[in-house]
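Those sequence lines, one after another, are chains S and D.
The opening residue of the first sequence carries number 1 in UniProt numbering; numbering runs sequentially from there.
The opening residue of the second sequence carries number 1 in UniProt numbering; numbering runs sequentially from there.
Calculated directly from the structure, the hints in this document are not laboratory data.
Watch out, some of these pointers could steer you wrong.
[As the list claims (entries may be wrong)] Heads up, simulated DMTMM-like pairs for lysine to aspartate or glutamate below, C-alpha to C-alpha not over 20 Å straight-line:
{"hint": "1", "chain 1": "D", "residue 1": "LYS38", "chain 2": "S", "residue 2": "GLU5"}
{"hint": "2", "chain 1": "D", "residue 1": "LYS317", "chain 2": "S", "residue 2": "GLU35"}
{"hint": "3", "chain 1": "D", "residue 1": "LYS317", "chain 2": "D", "residue 2": "GLU294"}
[Claimed, not checked] Not the full set, but computed from the structure, chain S residues with beta-carbon under 7 Å of chain D:
{"hint": "4", "residue": "ALA2"}
{"hint": "5", "residue": "LEU3"}
{"hint": "6", "residue": "SER7"}
{"hint": "7", "residue": "PRO18"}
{"hint": "8", "residue": "GLU35"}
{"hint": "9", "residue": "SER62"}
{"hint": "10", "residue": "HIS78"}
{"hint": "11", "residue": "ASP81"}
{"hint": "12", "residue": "VAL82"}
{"hint": "13", "residue": "CYS96"}
{"hint": "14", "residue": "PRO197"}
{"hint": "15", "residue": "GLY199"}
{"hint": "16", "residue": "ALA248"}
{"hint": "17", "residue": "GLU326"}
[Unchecked claim] Sample of chain D residues at the chain S side, in silico, Cβ under 7 Å:
{"hint": "18", "residue": "VAL4"}
{"hint": "19", "residue": "GLU211"}
{"hint": "20", "residue": "VAL214"}
{"hint": "21", "residue": "THR218"}
{"hint": "22", "residue": "ALA248"}
{"hint": "23", "residue": "ARG284"}
{"hint": "24", "residue": "THR321"}
{"hint": "25", "residue": "GLY324"}
{"hint": "26", "residue": "GLU326"}
Glycine is no exception: its CB is placed at the ideal position from the N, C-alpha and C atoms.
2 protein chains.
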Amino acid sequence: MALVERSLLGPGPSNTYPEATAALAAPLLGHLDPEFLKLLDDTGERLRSVWGTRNLRTLPLSGTGSIGMEAAFVNFVHPGDVVVVAVNGLFGERMCDVASRYGAEVVRVDHDWGEPVDVQRVLDAHPSPALVAAVHAETSTGVRSDIGRLGEALRARGDNTLLLADCVTSIAGEQIDLDAWNVDIAYAGTQKCLGVPPGLAPFTVSERAWERRVEKPTTWYLDLGLIGNYVTGGASGGRAYHHTAPTAMVASLHAALGRVLEEGMPAVAERHRAAGEALQQGLRGMGLELFAPEGNRLHQLTSVWVPEGVDSADVRKQLLTDYGIEIGAGAGPFANSVWRIGLMGNNARLDRVEMLLGALRTILGR
Amino acid sequence: MALVERSLLGPGPSNTYPEATAALAAPLLGHLDPEFLKLLDDTGERLRSVWGTRNLRTLPLSGTGSIGMEAAFVNFVHPGDVVVVAVNGLFGERMCDVASRYGAEVVRVDHDWGEPVDVQRVLDAHPSPALVAAVHAETSTGVRSDIGRLGEALRARGDNTLLLADCVTSIAGEQIDLDAWNVDIAYAGTQKCLGVPPGLAPFTVSERAWERRVEKPTTWYLDLGLIGNYVTGGASGGRAYHHTAPTAMVASLHAALGRVLEEGMPAVAERHRAAGEALQQGLRGMGLELFAPEGNRLHQLTSVWVPEGVDSADVRKQLLTDYGIEIGAGAGPFANSVWRIGLMGNNARLDRVEMLLGALRTILGR
Chain S
1 MALVERSLLG PGPSNTYPEA TAALAAPLLG HLDPEFLKLL DDTGERLRSV WGTRNLRTLP
61 LSGTGSIGME AAFVNFVHPG DVVVVAVNGL FGERMCDVAS RYGAEVVRVD HDWGEPVDVQ
121 RVLDAHPSPA LVAAVHAETS TGVRSDIGRL GEALRARGDN TLLLADCVTS IAGEQIDLDA
181 WNVDIAYAGT QKCLGVPPGL APFTVSERAW ERRVEKPTTW YLDLGLIGNY VTGGASGGRA
241 YHHTAPTAMV ASLHAALGRV LEEGMPAVAE RHRAAGEALQ QGLRGMGLEL FAPEGNRLHQ
301 LTSVWVPEGV DSADVRKQLL TDYGIEIGAG AGPFANSVWR IGLMGNNARL DRVEMLLGAL
361 RTILGR
Chain D
1 MALVERSLLG PGPSNTYPEA TAALAAPLLG HLDPEFLKLL DDTGERLRSV WGTRNLRTLP
61 LSGTGSIGME AAFVNFVHPG DVVVVAVNGL FGERMCDVAS RYGAEVVRVD HDWGEPVDVQ
121 RVLDAHPSPA LVAAVHAETS TGVRSDIGRL GEALRARGDN TLLLADCVTS IAGEQIDLDA
181 WNVDIAYAGT QKCLGVPPGL APFTVSERAW ERRVEKPTTW YLDLGLIGNY VTGGASGGRA
241 YHHTAPTAMV ASLHAALGRV LEEGMPAVAE RHRAAGEALQ QGLRGMGLEL FAPEGNRLHQ
301 LTSVWVPEGV DSADVRKQLL TDYGIEIGAG AGPFANSVWR IGLMGNNARL DRVEMLLGAL
361 RTILGR
């Protein structure tokens, strides 16, 4: 049967880096093999580089990006904790759901979808929450928020609030400096700018957050204390088996991170910027209007209004059927009025830009 | 850098079927692509065949095998429910931990490790538990329990007890008939007899269990109601995005299941039986003593006592270093006194048997 080939230019997954694909097909290693443990350690080290952190506990969790969000709340929310969530899109919305399931007293700071996070409003929401959570790059709207400014403001206040950042769509697509930004807990996914298939959630946690984790969380699978005994070694220094790590996926992540770091994060960020700007310029040249506001617009994921009189789903279907190109519908209330176009990881390239713009021009007759 | 190649003859992961590896490296599909949704549906259908069930809700969960255990308890244990767990090894032990985290009143039925589950003792443990849980093939000891007899006895009692079976090490390694056995909930892993890398947990649930699920479980990621809206469609019939499915891993599972069903489950089971018996005969021929009792001995995973005076870890290290062969240490109290040798999936072959027996004979000088 013929294989179906797609250009994955939606909000993720995106087409993988060839190094990531090759690693998936490499001979499989066991999760306790010394060679695999070296590779796992090195994956942690590479994640630290890409994320700008020295956190000891930096590791890939065994699930897709959303499991990172779940791990963050189940391990760091004590029942009754006040958690302030900046909601400016679908993933902030989801954070409220997840946090409340684990007994947090959630204080929502609602923004219109498409706005970046308003730091002052987040600060004003509560004088001393246990945790403040925000999304760095909102996949649902294509908007970047200034996590560094939020972290600085929280530290300036001098309280003990932990800062949690969702980096699913930002990791390896733009410069991130978690330590400089005072971020305590962050998670990501592999299927966007990292150029790896979906299946892992990179995760990192600072020492000060670690000391405040829930000793025995309701979850066994995501109990970071138990996982830590495998990934970084237990109190005795030895590694203890927890669950069977997804070794092929970890090897794939390791290879993609190697590719990214060889190119260098500044060059990778610049490649994403150049591709995103070329796309956005091309879309405007066709008379389309961008959704995310100038200045907070992501390069790796562009949200654009569907033109008046055009059926959103029809165009997406035609792109898929005639060109093998996948782009995304809008999220939530914008399902039929916005398109989301990703140029992430291996797709952050000018050839992809021209391909998509050309196909869109033909379909829209512009 | 040279790739490291291993013969994975431990308790899993095992070397993959070539079809599974090829599918991992095939062009990636998006999780909402109609082509992927067809593949996902077909994966469910293939899982039904391998498991002997008609359950509508049969799907791969996005995590390693252990996430199946977690999903079972978080979705089907209401706080205060009596859960009877047959404990005859590490995974029964773990079930008690997981169930209690979700508020179950756990009634343990302890067996010596290495014994199969005693159906009468399980029945006698409580007159009307909400759930009875047992492991079909205990990976920690190499012992098979008779789940069919347990299911029959529970139904004969006429109560409403749900039966949960851990099929991590049995799926696609031996004949399973979940519906005939009256099993309501089952989970498995991909990295053993299915011959796929670790990363997915096949899961299935009967209608009568589905009706008694927890409406809003503490977990968001494993909320089967939400996942069901994506996998089988919601009340309106449409599929709703939940989390980004690990599409490459699902394609790999789909391909391996295709391979297994083409060979046919009876033939696959016979291949596992023949390989396991040849190994067990060879080990006894060397004067080694098998751990699991005759009649309840798995073929896909053989547990064997480390001979007197032999250092378990030294032998494992020599196998790994000189032969590239991984076998497993014993679990729990048998860490240093038992070896676990898997012949699972693509490794259930006579060439693997001879290779391992030859290497062991040389190392042990027997």
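Results of checking the hints against the structure:
1. LYS38/D - GLU5/S: It holds: about 15 Å lies between the C-alpha atoms, which stays within 20 Å.
2. LYS317/D - GLU35/S: Distance of about 13 Å is within 20 Å: holds.
3. LYS317/D - GLU294/D: Distance ~29 Å between LYS317/D and GLU294/D Cα, so the pair is violated.
4. ALA2: With a closest approach of 11 Å, the ALA2/S hint is violated.
5. LEU3: Holds. Min distance 5 Å.
6. SER7: 10 Å, violated
7. PRO18: With a closest approach of 10 Å, the PRO18/S hint is violated.
8. GLU35: Holds, about 5 Å.
9. SER62: Holds, about 5 Å.
10. HIS78: The hint is violated - HIS78/S has no Cβ within 7 Å of chain D, the shortest such distance being about 14 Å.
11. ASP81: Violated, about 15 Å.
12. VAL82: Violated, about 19 Å.
13. CYS96: The hint is violated - CYS96/S has no Cβ within 7 Å of chain D, the shortest such distance being about 11 Å.
14. PRO197: 4 Å, holds
15. GLY199: Since the shortest Cβ distance to chain D is 4 Å, the answer is holds.
16. ALA248: Holds - the Cβ of ALA248/S comes within 7 Å of chain D, reaching about 4 Å at its closest.
17. GLU326: 5 Å, holds
18. VAL4: 5 Å, holds
19. GLU211: 22 Å, violated
20. VAL214: 11 Å, violated
21. THR218: For THR218/D, the interface hint holds, since the closest Cβ of chain S sits about 5 Å away, which is under 7 Å.
22. ALA248: 4 Å, holds
23. ARG284: Constraint on ARG284/D not satisfied, violated at 26 Å.
24. THR321: 10 Å, violated
25. GLY324: With a closest approach of 10 Å, the GLY324/D hint is violated.
26. GLU326: Holds, about 5 Å.
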